[in-house]
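Protein chains: 2
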Amino acid sequence: MASSGGPEIDQLIQLLARLPGLGPRSARRAVLQLIKKKEQLMIPLSAALDRAVEAVRTCEVCGNVDTRSPCAICSDPRRGETGILVVVEDVADLWALERAGVGAVRYHVLGGVLSPLDGIGPEELLLDELIARAPEFQEVVLAVNATVEGQTTAHYITDRLGPSGIKITRLAHGVPVGGELDYLDEGTLSQALKARTAL
Amino acid sequence: MASSGGPEIDQLIQLLARLPGLGPRSARRAVLQLIKKKEQLMIPLSAALDRAVEAVRTCEVCGNVDTRSPCAICSDPRRGETGILVVVEDVADLWALERAGVGAVRYHVLGGVLSPLDGIGPEELLLDELIARAPEFQEVVLAVNATVEGQTTAHYITDRLGPSGIKITRLAHGVPVGGELDYLDEGTLSQALKARTAL
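Chains as they are written, first to last, in UniProt numbering: chain A, 1 to 199; chain B, 1 to 199.
Derived from the structure by calculation, the hints contain no laboratory data.
Beta carbons: idealized from backbone N, C-alpha and C, even for Gly.
Check the hints yourself; a few may be wrong.
Unchecked claim - Between beta-carbon pairs, the in silico distance windows are:
id: 1; chain 1: B; residue 1: G112; chain 2: A; residue 2: A47; range: 27 to 35 Å
id: 2; chain 1: A; residue 1: A47; chain 2: B; residue 2: P20; range: 19 to 27 Å
id: 3; chain 1: A; residue 1: A47; chain 2: B; residue 2: P70; range: 28 to 36 Å
id: 4; chain 1: B; residue 1: G121; chain 2: A; residue 2: S69; range: 52 to 60 Å
id: 5; chain 1: B; residue 1: P24; chain 2: A; residue 2: A104; range: 22 to 30 Å
id: 6; chain 1: B; residue 1: L117; chain 2: A; residue 2: L117; range: 52 to 60 Å
id: 7; chain 1: A; residue 1: N145; chain 2: B; residue 2: T82; range: 38 to 46 Å
id: 8; chain 1: B; residue 1: P163; chain 2: A; residue 2: P20; range: 52 to 60 Å
Stated by the list, open to error - What the simulated footprint calls covered on chain A by chain B, stretch by stretch (three residues with Cβ under 8 Å from a Cβ of chain B suffice, anywhere in the stretch; the number is not a length):
id: 9; segment: 13-21
id: 10; segment: 44-57
Next comes chain A alone, as it looks inside the complex (with noise of 0.2 Å):
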């Protein structure tokens, strides 16, 4: 038994726990405060997920989740100009560069990455599009995540972009901004130490 307080309260903890972050105990705690906040929180968070659910769609182009579809950032002129195409795993990696302001660039989400063991293959990912999106930029950077599985994608799609001459990088490896030698692997440390730049 979820709750004290009827079937409608325990779905609501049922599905608030599904969330990422959230198990059933912090489930519970969040639907007492929506119910305790129920002017300033449940009934505008009910109306938020309602318009949600009602106008979110993803870009046809590039993966992106929005309200319309081309996404705002596929339909800037202005982001095509500099003719970057920056390849990412996820809508949330394309989020975090947005954060980070990385400037006028288009972004492919793929879905996710290669990976065999769980059964995914090419056909699972957003492959193919970017392939035949891609010869519309100079430059393709692949933003994948530094894992075995964000390598072997990056692999996959230099082998397929290969004959087409595009321009590929991928993100540099070093040490990050405010982090210290002492706590980071040897194969970050290594990278930085390749890689390093003329003061």
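Please arrange chain B on chain A, whose structure you already have, making use of the hints.
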């Protein structure tokens, strides 16, 4: 900038970030999960919230939250037979005791504890309602948290109920000092209720 997906998505993130246990980063992850699982998660959650906004109310007898008032616990005649009224600070505590299976008791939710520093006096809590209701029961169990404020509240209730001659008990020690009921395991809670002592 919270996301790159338009005002509808930003607003959803901001509202979710106000839930306990979620910050801006986990709210962004939650929203992306909702968008990814639109059919299985976002639409059901939206509908569940709509139903909860409509249905959930505070029980006029005990202060519990339920879809009806009097709530299911107050309406259950078997709960009255034991003549035990368990006084809790919060609905979360009531749920925790119910999960522990403490038996056929009734509850009274104070809605907080006395805390003069925070400006919470007897009028801010459902204390008059408790005093008025208590004579219907043979025993009042003070299941308030083992904090200074909780114990202050217990003393206040004992003083007010003293002249009525009702048996007043409190949860047994076993509740860690400074701990909160909602975080305790069911076994400890159940033992603590069984070993309640007269004040």
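### Task
Just pull the numbers of the violated hints for me, sorted ascending.
Of the numbered hints, just 7 does not hold.
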